[in-house]
Amino acid sequence: MASLDDLKKRISSVKSTQKITKAMKMVAASKLRRAQESAEKGRPYSDKMNNIILNLSNSISDKENSPKLLVGSGEDKVHLCIVMTSDRGLCGGFNTNIIKKAKSYFQKIADSGKILKIITVGSKGYDQLKRTYKENIIEKISFKESKYANYFDADKVGKIIIDKFEKKEFDICTIFYNQFKNVITQIPQEQQIIPLKSNETEGNSLEDNYEFEPEEDEILGNLLPKNVSTQIFKAMLENSASEQGSRMSAMDNATRNAGEMVDKLTIQYNRSRQAAITKELIEIISGAESL
Amino acid sequence: MSNGFKLEIVNPERSFLSKEEVLEVMVPAYEGNMGILKDHISIISFLKPGLVKVFNSGSSEETYYVEDGIIEFKNNCLSILTSNIFDIKKIDKNFVKDALANAEKDTQSSDISDQKKYLLDQKIEVLKSLTLN
Numbered sequence: 001m002a003s004l005d006d007l008k009k010r011i012s013s014v015k016s017t018q019k020i021t022k023a024m025k026m027v028a029a030s031k032l033r034r035a036q037e038s039a040e041k042g043r044p045y046s047d048k049m050n051n052i053i054l055n056l057s058n059s060i061s062d063k064e065n066s067p068k069l070l071v072g073s074g075e076d077k078v079h080l081c082i083v084m085t086s087d088r089g090l091c092g093g094f095n096t097n098i099i100k101k102a103k104s105y106f107q108k109i110a111d112s113g114k115i116l117k118i119i120t121v122g123s124k125g126y127d128q129l130k131r132t133y134k135e136n137i138i139e140k141i142s143f144k145e146s147k148y149a150n151y152f153d154a155d156k157v158g159k160i161i162i163d164k165f166e167k168k169e170f171d172i173c174t175i176f177y178n179q180f181k182n183v184i185t186q187i188p189q190e191q192q193i194i195p196l197k198s199n200e201t202e203g204n205s206l207e208d209n210y211e212f213e214p215e216e217d218e219i220l221g222n223l224l225p226k227n228v229s230t231q232i233f234k235a236m237l238e239n240s241a242s243e244q245g246s247r248m249s250a251m252d253n254a255t256r257n258a259g260e261m262v263d264k265l266t267i268q269y270n271r272s273r274q275a276a277i278t279k280e281l282i283e284i285i286s287g288a289e290s291l
Numbered sequence: 292m293s294n295g296f297k298l299e300i301v302n303p304e305r306s307f308l309s310k311e312e313v314l315e316v317m318v319p320a321y322e323g324n325m326g327i328l329k330d331h332i333s334i335i336s337f338l339k340p341g342l343v344k345v346f347n348s349g350s351s352e353e354t355y356y357v358e359d360g361i362i363e364f365k366n367n368c369l370s371i372l373t374s375n376i377f378d379i380k381k382i383d384k385n386f387v388k389d390a391l392a393n394a395e396k397d398t399q400s401s402d403i404s405d406q407k408k409y410l411l412d413q414k415i416e417v418l419k420s421l422t423l424n
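Residue numbers (our numbering), protein chains in the order written: chain A, 1 to 291; chain X, 292 to 424.
Pulled out of the complex, with its shape left as it was, chain X reads as follows (with noise of 0.2 Å):
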């Protein structure tokens, strides 16, 4: 029996990724980072801001930045709907920049929650750590 389980990733205008055979995600739930591994159990939880980490069955990984979405793993099936995605390799070192000054400019404001402060400063922590390679 092979130890991998299916990978969806789509978001709104198509379906972004779609891997029958992957051996481990890193996924960076709300609560903290998660690694799936292949029977974990039925589970839902969001997203905030950082990287998803795609293990390959040939020891290959590939990395993309996330800014929100939503995992289902249901029968070895992981599915990851997200509306902003980007593979790390072909980010735009400008986009990245931009971001993080709207990220930044957005923790300066005084009249937002603690739960979107907590998002803001785990992306702001992702895009600095982006930039610095």
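Next up, chain A with everything else stripped away, as it sits in the complex (with noise of 0.2 Å):
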């Protein structure tokens, strides 16, 4: 049985964790606010985008010669997984969740045989990945410095990815992010951006006839880098949200955690001293007893 100082210390060090997760939920949760905003903020910019590619795509007739970005190398070899995390801990099941997603279309890509290629951007997926894939990792990216997802960074990768395509490193690129849906979900996602996954081709614009200025192709061929550029810092923005929004859910789960904790040591401190207080007294009556 732990000594009454030994129970005090658990206590006090208990609850200056406590405060520790309290503070780190409030700062989560101002942190969110404004990465949920540019969140939103960011959202038109890329439906517009997706939006104009898809226009562009349908208007094109002439399918064998468009851009690459766009129908891909014609191969299906080596494939491109950008995994993007946070850089700091601390946050739920947020890295966990990408990792076990991307791991498992790992294995998908190593069970048919194809090469696997992977570029970590945030340096915690680097060091949960760089145990079991480390040759398979190329590079590895992490914005420390930067506070708030900006694209200036999306554009580095963009062209980092764009640069390796046009080598013919790869000729599939996959990215992995968690989407944010609300604090307490987030749904990590895998989506492809090299080629260009036309899922909604049916969609509502076809009716429209657009002009362009200047040809088709040389637009698209513009636009495409642009658009894997606008495709990382969505999931950058999208993941920036799920990181605060998964760490003021962990830390508000550990703050409750610490006060039960709190509570529990409470109890058993209390015990232990009235059983300390009740052993002293029968001492004193029994030793006067026996005078």
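If you anchor each label on the Cβ, the simulated ranges turn out as follows:
#, chain 1, residue 1, chain 2, residue 2, range
1, A, Asp163, X, Ser350, 45 to 51 Å
2, X, Ser420, A, Ala110, 56 to 62 Å
3, A, Lys167, X, Ser309, 38 to 44 Å
Restricting the straight-line Cα-Cα distance to at most 25 Å, the calculated cross-link-like pairs of lysine-lysine (PhoX-like) are:
#, chain 1, residue 1, chain 2, residue 2
4, X, Lys407, A, Lys68
5, A, Lys48, X, Lys365
6, A, Lys167, X, Lys408
7, A, Lys117, A, Lys140
8, A, Lys25, A, Lys181
9, A, Lys77, A, Lys168
10, X, Lys297, A, Lys48
11, X, Lys310, X, Lys329
Hints were generated in silico from the structure; no laboratory data involved.
Glycine included, C-beta positions come from ideal geometry on N, C-alpha and C.
Reassemble the complex: the two chains are provided individually, in unrelated frames, and hints are given to aid placement.
Here it is as structure tokens:
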């Protein structure tokens, strides 16, 4: 049985941990608001971009000669996966969920005998993947210095990807990130960005006849690299909102758990104090009796 | 009927400007400046560095400097997507100088494509005109 002093120390240490988790929760909550706002503000851009590209690809007649970024390199051998995680821990299952999703995808690729290449964005993803997939990771990127997700960073990642694609280092590129649904729920996503998957091609805008200036393929050639950066940026925004949301709920749980622990320890402390007092009394009484 | 149309300028981080009623917008399209009025045909084009001029209904005008972007006009709604846009009234003179110096340095290097060179020349021209006033 722990002594009274030990119990006291434990209680105070749990209490100070609770203070920390509480503070972290507050910080995450205020950051979350900002991240959520910018995720929402960033949506019109990526939506519009998507729309324009859909319109463009619909009106392209010559599919054979359209840019490689749209139709792919015609092969399906080398897969590049961009795993986007956070740079900091203590955010619940946020990173683990992405990694889990990514790993099951990696397994599929390995089973079908294709070549896998990985780029990690965010240091936590690298830490978790380096044990199993060390040889597959061709690059690790982290933006520890930038406080908020910004387009400049996303563009850097986008340029790296485009560069590698032009050097024919991979055929298909998929990004992994967490989509922010609400504070409690974040959905890990896999999204193929090269070649562009036109899942909603049968869209609404087919009736429009656009005029293009310059030609369609020239616009597309200019637009598609931008789209890669935009998609990365979107993923970064969603990710940062998810990270804060996840951290907030994780810290909320931690605070509650710490509270429960303090209660339990306090009861234990009081009981053992009472026991000590009783013991002393018994000693005194039996000492008096023996006289 | 009004003879204005809707204008939206968005950059990746936020919606930069949104106006319900503008009379005309001049954009520096890749193949030359283009004025867009109401009931323009649906068009998609991309931008070279230059000035976007917005003419409001009250005969006031605003000017913005853009470095790149895409425009889409459809159903009397003009969307401008750009990653770099600045209000020239608020633009920092030092920023212009830096950008100009960078662009000039870039044109000196020999391994750039004709297209890039063209864009850079445009950029230099516009930036120079900005430093003058």
